[in-house]
Amino acid sequence: AQTVTQSQPEMSVQEAETVTLSCTYDTSESDYYLFWYKQPPSRQMILVIRQEAYKQQNATENRFSVNFQKAAKSFSLKISDSQLGDAAMYFCAYRGSNYQLIWGAGTKLIIKP
Amino acid sequence: NAGVMQNPRHLVRRRGQEARLRCSPMKGHSHVYWYRQLPEEGLKFMVYLQKENIIDESGMPKERFSAEFPKEGPSILRIQQVVRGDSAAYFCASSPSGLPLNSPLHFGNGTRLTVT
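Protein sequences appear in the order of chains A and B. Counting along the first sequence from 1, when you hit position 69 you're at 69 in this note's numbering, and nothing is skipped either side. If you want this note's numbering, it's the 1-based position in the second sequence plus 113.
These are computed hints drawn from the structure, not numbers from a lab. There may be inaccurate statements among the hints.
27 Å max Cα-Cα, derived BS3-like pairs, lysine-lysine [claimed, not checked]:
(1) B:184 / B:157
(2) B:164 / B:140
(3) A:70 / B:157
(4) A:55 / A:70
(5) A:73 / B:164
(6) B:140 / A:78
(7) A:55 / A:78
(8) B:164 / B:184
(9) B:184 / A:108
(10) B:175 / B:157
(11) B:164 / B:175
(12) A:112 / A:78
Using the sequences plus the hints, can you model the full thing?
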């Protein structure tokens, strides 16, 4: 069975600085997708970025980028120029041949002004 | 272009009562997924439905829980005889198709169920 692990329950960063959230996963599949979702206090689950496992190039969305290491089964999220609005819970999720999303436990990101 | 709509946003039930959670998918979406989020945890898959069909309910507790997605109207997650352990946030997501894998899931804002 696939698992997703987020080892950092909480991270804090100074506004305008860069922070990296870690995520590792375990799977025997070769074709899958990885996602980072953001959950602000409003509770809405917002897709931040996604990565196809067959693509070697790391996905980028404005200030958000990933470091995808397929062999190491690692999928970290880098947030550059952190803003107060980035404060939220961040979840890493995996989707393989089974359409179900497998979620990590989340990392709470605190932005210090 | 309305997103996934869930209601109610908050629901309080006494032990033994029934809870009904509603989810209207995005326009044009025919696939609905229900997830449960316990405090301090990520989401856990419960059930996957298409219109009038349950595709996968492997994440649903065998008793007291049921889900439907009728031809007309929203998807309903029903919990009978609620217990305190049912207290959680319940999220609905929809997609235009169940596959391929990169088909994005659009989530609603969730319903927070509190059982007293």
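The hints, checked one at a time:
Proposed proximity of residue 184 of chain B and residue 157 of chain B is supported: the alpha carbons are some 26 Å apart, at most 27 Å. Note on residue 164 of chain B and residue 140 of chain B: the hinted pairing holds, with a Cα-Cα distance of about 13 Å set against a maximum of 27 Å. Distance hint between residue 70 of chain A and residue 157 of chain B is fulfilled; the C-alpha atoms sit about 24 Å from each other, no more than 27 Å. For the given pair, residue 55 of chain A sits about 10 Å from residue 70 of chain A by alpha-carbon distance, which is consistent with the 27 Å threshold.
Between residue 73 of chain A and residue 164 of chain B the alpha-carbon distance is near 36 Å, which puts this suggested pair outside the 27 Å criterion. Distance restraint check for residue 140 of chain B and residue 78 of chain A: the Cα-Cα separation of roughly 33 Å exceeds the 27 Å cut-off, and the hinted pair is therefore not satisfied. Under the criterion of a C-alpha separation no larger than 27 Å, the hint pairing residue 55 of chain A with residue 78 of chain A is consistent with the structure, at around 18 Å. Straight-line distance between C-alpha atoms of residue 164 of chain B and residue 184 of chain B comes to about 6 Å, which keeps the hinted pair within the 27 Å bound.
For the proposed pair residue 184 of chain B and residue 108 of chain A, the alpha carbon gap of about 39 Å is over 27 Å, so the pair is violated. Our distance criterion of 27 Å between C-alpha atoms is met by residue 175 of chain B and residue 157 of chain B, whose separation comes to about 15 Å. At most 27 Å may separate the alpha-carbon atoms for a hinted pair to count; residue 164 of chain B and residue 175 of chain B meet this at roughly 21 Å. The hinted pair formed by residue 112 of chain A and residue 78 of chain A meets the criterion: a straight-line CA distance of about 17 Å does not exceed 27 Å.
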